Each structure stands twice: as structure tokens, then as C-alpha cells.
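From first to last, the protein sequence lines are chains A and B. With our numbering, the residue at position 61 of the first sequence is 424, and numbering never jumps. With our numbering, the residue at position 270 of the second sequence is 648, and numbering never jumps.
Simulated from the structure, these hints should not be mistaken for lab results. Just so you know, not all the hints are guaranteed correct.
DSS-like, lysine-lysine: derived pairs with alpha carbons at most 30 Å apart [as the list claims (entries may be wrong)]:
#1 A/K658 to A/K668
#2 B/K464 to A/K658
#3 B/K729 to A/K668
#4 B/K780 to A/K658
#5 B/K729 to A/K535
#6 A/K543 to A/K492
#7 A/K561 to A/K580
#8 B/K780 to B/K760
#9 B/K729 to A/K460
#10 B/K464 to B/K553
#11 B/K729 to A/K612
#12 A/K607 to B/K729
#13 A/K612 to A/K561
Stretches of chain B that chain A covers, calculated by requiring three or more beta carbons in the stretch to come under 8 Å of a beta carbon on chain A [what the hints assert, rightly or not]:
#14 413–424
#15 428–442
#16 454–464
#17 513–520
#18 566–572
Over 12 Å on every C-beta distance to chain B, these chain A residues come out as not near it, computed from the model [unchecked claim]:
#19 G488
#20 C558
#21 F565
Quick caveat: nothing in here was measured; it's all calculated off a predicted structure. Cβ coordinates follow ideal geometry from the N, Cα and C atoms, glycine included.
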Amino acid sequence: MALSRREVLQRITVGTASAVATGAATGTALSGVGQAQEYPVAPPAAVAMLYDNTRCVGCQSCVAACVEENKTLENAPILGLHHTNLELNATTKNIIKLYKPADGKSYAYVKQQCMHCIDPACVAGCMFKGLRKDPKSGIVTWNSKVCVGCRYCEIACPYHVPKFQWQGWNPKIVKCEFCKERQARGLQPACTSVCPTKAVVFGQRTELLAEAKRRIKESPGKYYQDRVFGETEGGGTQVLYLSKVPFEKIGLPDLPPESVPEKYLKWQKRVYSYLAVPAVLYASMVGVIRGNWKKHQQHMNEEEKITGLRPQL
Amino acid sequence: MIDQWERNVPVYDVPIWTRPFIVMCSLGGLALLFVTYRELAGLGPASGMNDAYAWGIWKTFNTMTLTGLGSGAFAIGIAAWLFKRKDLHIVMRTACLTSFLAYLSGLALLGVDVGRPWNFYWVFTPWRWNLHSPLLEVAVCMPTYAMIPLLLENFPPFTDWLYSHKPQYRPFVKKAEEVMIRFYPFIVGLAYLLPAMHQSSLGALMLLGGSRVYPLWQTPWLPVLYVWAAAFLGFSCVAGTLLFCSMMWKRPMDVDVLVELNRLTAGLIATWLMFRFADILFRGVIGLAFGFTIYAGLFWMEVIFLSMAVWMLRDSSRRRDPRLMFHAHVMAAVGGMLYRFDPTTLAFQPKPGAFYFPTPIELFISVGFVALAIAAFMFLVKVLPILPAPMRLWYRMEAEEKKAQGLERFVAAD
Numbered sequence: 364m365a366l367s368r369r370e371v372l373q374r375i376t377v378g379t380a381s382a383v384a385t386g387a388a389t390g391t392a393l394s395g396v397g398q399a400q401e402y403p404v405a406p407p408a409a410v411a412m413l414y415d416n417t418r419c420v421g422c423q424s425c426v427a428a429c430v431e432e433n434k435t436l437e438n439a440p441i442l443g444l445h446h447t448n449l450e451l452n453a454t455t456k457n458i459i460k461l462y463k464p465a466d467g468k469s470y471a472y473v474k475q476q477c478m479h480c481i482d483p484a485c486v487a488g489c490m491f492k493g494l495r496k497d498p499k500s501g502i503v504t505w506n507s508k509v510c511v512g513c514r515y516c517e518i519a520c521p522y523h524v525p526k527f528q529w530q531g532w533n534p535k536i537v538k539c540e541f542c543k544e545r546q547a548r549g550l551q552p553a554c555t556s557v558c559p560t561k562a563v564v565f566g567q568r569t570e571l572l573a574e575a576k577r578r579i580k581e582s583p584g585k586y587y588q589d590r591v592f593g594e595t596e597g598g599g600t601q602v603l604y605l606s607k608v609p610f611e612k613i614g615l616p617d618l619p620p621e622s623v624p625e626k627y628l629k630w631q632k633r634v635y636s637y638l639a640v641p642a643v644l645y646a647s648m649v650g651v652i653r654g655n656w657k658k659h660q661q662h663m664n665e666e667e668k669i670t671g672l673r674p675q676l
Numbered sequence: 379m380i381d382q383w384e385r386n387v388p389v390y391d392v393p394i395w396t397r398p399f400i401v402m403c404s405l406g407g408l409a410l411l412f413v414t415y416r417e418l419a420g421l422g423p424a425s426g427m428n429d430a431y432a433w434g435i436w437k438t439f440n441t442m443t444l445t446g447l448g449s450g451a452f453a454i455g456i457a458a459w460l461f462k463r464k465d466l467h468i469v470m471r472t473a474c475l476t477s478f479l480a481y482l483s484g485l486a487l488l489g490v491d492v493g494r495p496w497n498f499y500w501v502f503t504p505w506r507w508n509l510h511s512p513l514l515e516v517a518v519c520m521p522t523y524a525m526i527p528l529l530l531e532n533f534p535p536f537t538d539w540l541y542s543h544k545p546q547y548r549p550f551v552k553k554a555e556e557v558m559i560r561f562y563p564f565i566v567g568l569a570y571l572l573p574a575m576h577q578s579s580l581g582a583l584m585l586l587g588g589s590r591v592y593p594l595w596q597t598p599w600l601p602v603l604y605v606w607a608a609a610f611l612g613f614s615c616v617a618g619t620l621l622f623c624s625m626m627w628k629r630p631m632d633v634d635v636l637v638e639l640n641r642l643t644a645g646l647i648a649t650w651l652m653f654r655f656a657d658i659l660f661r662g663v664i665g666l667a668f669g670f671t672i673y674a675g676l677f678w679m680e681v682i683f684l685s686m687a688v689w690m691l692r693d694s695s696r697r698r699d700p701r702l703m704f705h706a707h708v709m710a711a712v713g714g715m716l717y718r719f720d721p722t723t724l725a726f727q728p729k730p731g732a733f734y735f736p737t738p739i740e741l742f743i744s745v746g747f748v749a750l751a752i753a754a755f756m757f758l759v760k761v762l763p764i765l766p767a768p769m770r771l772w773y774r775m776e777a778e779e780k781k782a783q784g785l786e787r788f789v790a791a792d
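Could you build all of it, start to finish, from the sequences and the hints given here?
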């Protein structure tokens with residue numbers, strides 16, 4: 364059947380249009396998937412901690428309880444009489460630090476541990492899911508049977524939380540795992556269970572967020588910017604902070620509302636979704652190479668006839 | 379006299395045990411001793427790495443930077459097979475061998491660098507893969523590339539050697555080559571797809587570093603800039619190796635092929651530089667390049683090295699001066715390596731007060747693994763037909779071989 368020019372044009376137009384439409388639909392579907400699945404919101408039953416530094420007296424009970432529960436004590440450095448860490452490191456999963464302004468204004472404490480981000484950068488980077496976010500409780504846990512020890516989590520974490528054991532042949536990643544064994548037994552984490560002033564409390568994330576907002580409403584102006592750190596920062600965290608001094612002063616970075624993976628890995632994810640782009644690239648390259656390959660073989664055979672030597676591929 | 383590279387010929391007239399070869403071997407051996415220490419004592423005592431700079435030069439230099447130099451098989455292969463630069467087929471064996479050794483050395487050191495290497499077997503269980511991790515992409519793609527397509531690309535010199543030195547294997551060699559030839563386009567396609575993926579993902583690794591990477595380097599285009607830099611680094615590495623070997627072992631040079639390599643390298647660098655500046659301008663961080671900081675200094679060092687390289691490549695092609703060409707390619711390699719190294723270490727600022735400098739042991743191991751690759755290269759080019767040469771060198775080699783055999787027979791009869 365011979366096609367008239369008009370028919371050919373029509374077919375090409377229809378074909379192109381439908382291809383574009385399919386592409387657009389796939390694109391929309393993908394971006395929809397992106398919002399619904401790739402960058403999750405907090406699970407409904409997410410557990411959380413709320414730390415309020417207007418209540419913290421710096422007694423370090425939580426540090427002692429953490430060390431006891433997680434048995435990290437043996438290796439901790441000794442300063443004077445006590446085992447004391449100055450920074451989060453492989454011998455402590457929890458630390459209380461003091462911010463003392465130079466101008467003599469009132470000082471503030473800060474409790475540091477894993478923030479259990481809603482979209483954690485460490486989990487996004489981890490190759491074999493050695494770090495994993497529990498879909499129910501939202502706790503970020505580490506698995507010694509899977510971790511390769513590449514330390515990408517240390518590169519990725521915006522809060523500088525995961526720490527690596529630099530000594531010995533069998534190193535581990537050390538970070539707060541929200542006392543998951545205690546929680547399994549129906550107990551609350553060691554640090555929140557011992558706090559004498561209830562500066563750090565344990566609960567459901569939705570409840571604690573409401574509680575934090577209630578405190579802000581009760582005494583406006585008491586808290587920095589009347590803001591709960593962790594509600595939206597870096598995609599949101601499961602450890603929430605209320606502070607009387609600026610958050611940057613107590614080591615909480617100024618992060619945009621989008622999470623680190625969302626901000627930086629968006630295009631990486633799109634290019635590799637369903638491996639479609641690599642597959643098309645491979646198919647077209649093989650097509651071109653096969654054409655050139657035949658010519659190259661002919662050329663080699665001719666050479667062989669002239670020189671009488673074995674052709675070199 | 380104009381020489382033409384027509385056939386790959388072993389460096390048959392140089393003994394294997396030379397002084398540089400012994401030095402490289404002993405450096406490598408020493409490095410392996412230090413590796414034992416690192417495995418027993420842990421990363422802390424052996425290296426300068428710490429919780430702020432969790433990645434040291436083993437990852438950032440030996441793997442992320444040097445496999446850029448090892449992208450010759452990828453870059454020149456694409457030029458030869460996809461863009462029909464027929465002249466470049468003759469240098470493909472050099473490209474494939476340098477690439478294979480660079481990858482092997484980098485991957486081996488990666489195994490030393492990771493803390494729990496015994497868990498790496500999960501790479502064989504796809505349901506364990508975190509498909510969105512750039513590091514997974516690197517961990518799966520890089521060994522796959524080195525162990526399948528790149529290794530197969532390196533087979534022809536070995537089959538040549540078997541064919542000429544072990545006549546009893548000739549039927550086997552012929553059969554193997556028949557199979558190989560049937561699947562070759564598919565293998566070669568894979569040899570370009572996989573590096574394109576993992577060389578860009580090496581750049582994507584630093585994306586998750588977020589604000590730790592200085593804004594002059596941190597860009598969504600980092601993967602593209604990385605793979606592009608790998609392309610011209612691959613060209614420079616192969617051209618530099620060819621020039622260096624030819625000058626050192628006094629082998630004739632095909633200036634036309636070298637000029638072609640120079641032209642492509644210069645073109646790649648020039649477009650890369652334009653792209654880099656466009657990205658910086660578009661993101662509005664050009665002001666940072668004019669600050670009085672070490673980062674601005676590093677940035678201009680890259681730009682100056684690479685622009686100098688473009689100019690020198692063109693100038694040396696015009697003068698057809700191999701020595702100048704070699705200097706130009708060294709310049710390009712230094713500039714490109716600096717670009718790939720900067721965002722990982724020099725322009726990487728985890729937090730105030732953080733400091734990293736490799737320990738002597740760390741440096742020794744890093745240098746030693748490079749030395750092992752160089753030693754392997756020196757050995758293999760003397761045994762296998764890798765380096766290109768004019769046809770007359772092949773005939774001369776055959777004549778000398780016959781002469782040596784004749785002499786042996788004479789001695790035996792006596």
C-alpha cells in the first residue's frame with residue numbers, strides 16, 4: 364500500500380504526539396511517585412524526643428544512663444576523675460554540651476544525639492541498607508551484618524552524628540538507635556527515663572510537636588523565633604528542640620525545609636529511575652558500534668591479506 | 379622521516395628487570411606490608427582520617443581521582459568506535475591496559491579503605507541494593523566494568539601471546555576469538571555505558587556532602603563535570619603514556635595520531651572549561667572566585683592549568699614537538715586531577731577546626747598501589763604487543779627472535 368504524503372505526515376504527527384504524551388504522563392507519574400514515596404513524611408506512629416534547654420540543668424544524668432545502657436563506657440576517655448567526652452564520638456551516643464556566650468548573657472545547654480531524620484541522608488547514601496529507617500517507629504538503626512564500613516554516612520549526615528570506631532580490625536558505626544531494645548520491652552529510652560527536670564521527654568512525634576507548640580504559645584518570646592527545630596528543618600526530624608538561644612549557636616545547622624537527599628539527589632534519582640536512560644543509551648551505542656565493527660573487520664581482513672600477519676584486534 | 383603506527387609490538391629490546399621496575403616493585407611490596415598493619419590495628423592508627431574527614435586519600439585520590447586517568451579505554455574507545463576516529467584504534471591496547479591497571483589498583487585500595495570489607499558480598503544480592511545511593515552505583519558498576527568488559531577488552535594481547543608462544547593452544551585461541559568477535563559490539567557497548575554511569579556517580583557522591591563542599595564545586599552538574607573530566611583525563615593519560623614510553627624506550631612516534639589525540643583532548647578541555655564557567659555564573663557564585671581564600675586559589679589553579687594545557691596542546695601540535703606535547707598532557711592531567719580531588723578533600727570543609735593530613739603510612743600505601751600498577755604496566759608492555767609501532771619494528775623483532783633461536787640451536791648441538 365502506497366501512502367500519500369499527507370498520510371505519512373499525519374502518521375508521523377500522531378506518532379510524535381502520542382510519544383510526547385506518554386513521556387509527559389510518565390514524567391508526571393514519576394514526579395507524583397517522587398512526592399508520595401521517595402521523600403516520605405513522618406510515619407503516623409513515629410516516636411520522638413523533645414528537648415527543651417530552658418529546663419535542662421546540665422546534670423548529665425542522660426549521658427550516664429546512655430553510657431550504661433549502651434555499654435560504651437569502657438573505651439571513653441578519662442578527664443580528671445570521670446569518663447568524659449567533649450564531642451560525640453565512638454564512645455558515646457549522647458552528649459550534653461554547654462554554650463557560653465562571650466558577652467556574659469545567660470548560657471544554654473544542648474543535648475546531641477542522632478536526630479532520626481524523616482528522610483535521613485545517611486540512609487539515602489548507604490549502599491546495602493546497613494542503615495535503615497524503621498517504617499513504623501521511624502528509628503534509624505545500624506546493622507553490623509550488612510555495613511561495609513565505607514563511612515559515607517559520616518560524609519552525608521548534616522548533623523555530624525554517625526561515628527566510626529577508628530581502632531581495631533572490626534570497626535562499627537556508633538550512633539543513637541533510640542534504645543530500640545528498651546522500646547521493644549515497653550520502656551522509654553534511657554536518657555529520657557532519668558531526666559530529673561523533664562528537659563528531655565519521650566513520646567509520639569505528633570503529641571510532642573503539639574506539646575512544644577503549647578509551650579511556645581504559653582510563653583511567647585521565651586523561645587528562639589517561637590520555633591520548634593525539627594518540625595520542618597532538613598525535611599523534619601524525630602528529635603525536636605526548643606531553645607532560648609539561636610539554634611546555630613548550639614550546633615543545629617540552618618537547613619532548608621527540603622531534606623538533603625531531596626535537595627541533592629533529585630536528578631540522580633530521575634536519571635536512574637527504572638534504568639530507562641541507561642538502557643536506551645546502551646541499545647543505541649551497540650547499534651552504532653555494530654555498524655562500525657563490520658567495517659573494521661573488513662579493514663582488518665584486507666590488512667591481513669597485504670601483510671600476511673595475524674590481525675591484531 | 380614520517381613514522382606511522384601500524385602494529386602493536388612488545389618492547390622486546392629492553393630487559394624486564396630494570397632499576398625503575400625494581401623500585402616500583404619494592405614500593406608496592408612495602409605498601410602491602412603496611413596494609414597488613416592497617417588491617418590489624420585499624421584505620422585510626424594507620425591513617426590521618428577522622429570523624430570529620432571520614433574519607434582519606436585512598437578513596438578520594440586513588441579511586442575518585444586516579445580512575446579518571448584510567449578512563450582512556452572509555453574516552454578513546456568512544457572516539458574510535460562511536461565517532462569513527464579510525465586512527466585511534468592503534469592506541470586502544472595502551473588505553474585498555476592503563477585503564478585496567480588504574481581501576482584494579484584503585485579498587486584494591488578501596489578494599490583496604492573500607493572498615494568491614496567482609497560484608498561486601500551483599501553486592502551479589504540485588505534485593506539488598508539501595509538503588510538511589512550513588513555509592514551503590516559505584517560499588518556495583520565499577521568492579522563489574524573492570525572485571526567484565528574491560529578485562530575482555532584486554533584479552534586480544536594475551537591471545538596473541540598464546541598464539542605465537544604456545545602453538546599447542548592455537549585451536550583454542552581461534553575458537554575463543556570467534557566467540558569473542560561475535561559478542562564484541564555488546565561488550566564494547568557495556569565498556570562505554572558502565573564508565574559513563576560510575577564516573578558520573580563518583581561526582582554524585584559529593585552531592586550528599588551538601589554544604590560541606592565549597593559552593594564553587596558543589597553543583598547539581600557535578601556528575602556531568604566529573605565524567606567529562608574523566609574523558610579528557612583518559613585522553614591525557616594515554617597520550618602521555620605513549621609519549622613517555624616512546625621517548626624512554628626510543629620507539630618511533632606517529633605524530634599524526636598524537637596530533638589527533640591532542641586535538642580531541644584540547645577540544646574536550648575547552649568545552650569543559652566553558653561548561654564550568656557557565657555553571658558558576660548561572661548559580662551566581664562567581665564572586666567567591668575573587669575572594670582572598672584558599673578555595674579561590676584552588677579554583678584559579680585548576681583554570682590556569684587547564685587553559686595552559688589547551689594552549690600548549692595546540693602549540694605543540696603545530697610544532698609537532700613530542701616533548702612539548704608531553705608537557706601539555708601532564709599539565710592537563712594535573713589540572714583535571716586537581717578538579718576531581720578538590721571537592722573531596724581540599725575544598726571539603728566539614729566543620730570549623732576539622733583537619734586532615736595523611737600519615738606517612740597512608741601516603742606510602744597510596745603511592746605503593748600506584749607503583750604496583752606502573753610495575754605491572756612496565757612488565758606487560760615488554761611481554762605483550764601493547765604499544766604501537768611501525769611495521770618495520772615487528773619485522774625486526776621477528777628477525778631477532780629467529781636469530782636468537784638459531785643461536786640456541788647451534789649452542790645445543792655443540
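Hint by hint, here is what the structure shows:
no.	hint	verdict
1	A/K658 to A/K668	holds (16 Å)
2	B/K464 to A/K658	holds (10 Å)
3	B/K729 to A/K668	violated (67 Å)
4	B/K780 to A/K658	violated (35 Å)
5	B/K729 to A/K535	holds (23 Å)
6	A/K543 to A/K492	holds (18 Å)
7	A/K561 to A/K580	holds (19 Å)
8	B/K780 to B/K760	holds (18 Å)
9	B/K729 to A/K460	holds (17 Å)
10	B/K464 to B/K553	holds (27 Å)
11	B/K729 to A/K612	holds (14 Å)
12	A/K607 to B/K729	holds (23 Å)
13	A/K612 to A/K561	holds (22 Å)
14	413–424	holds (count 7)
15	428–442	holds (count 5)
16	454–464	holds (count 4)
17	513–520	holds (count 4)
18	566–572	holds (count 5)
19	G488	violated (5 Å)
20	C558	holds (27 Å)
21	F565	holds (27 Å)
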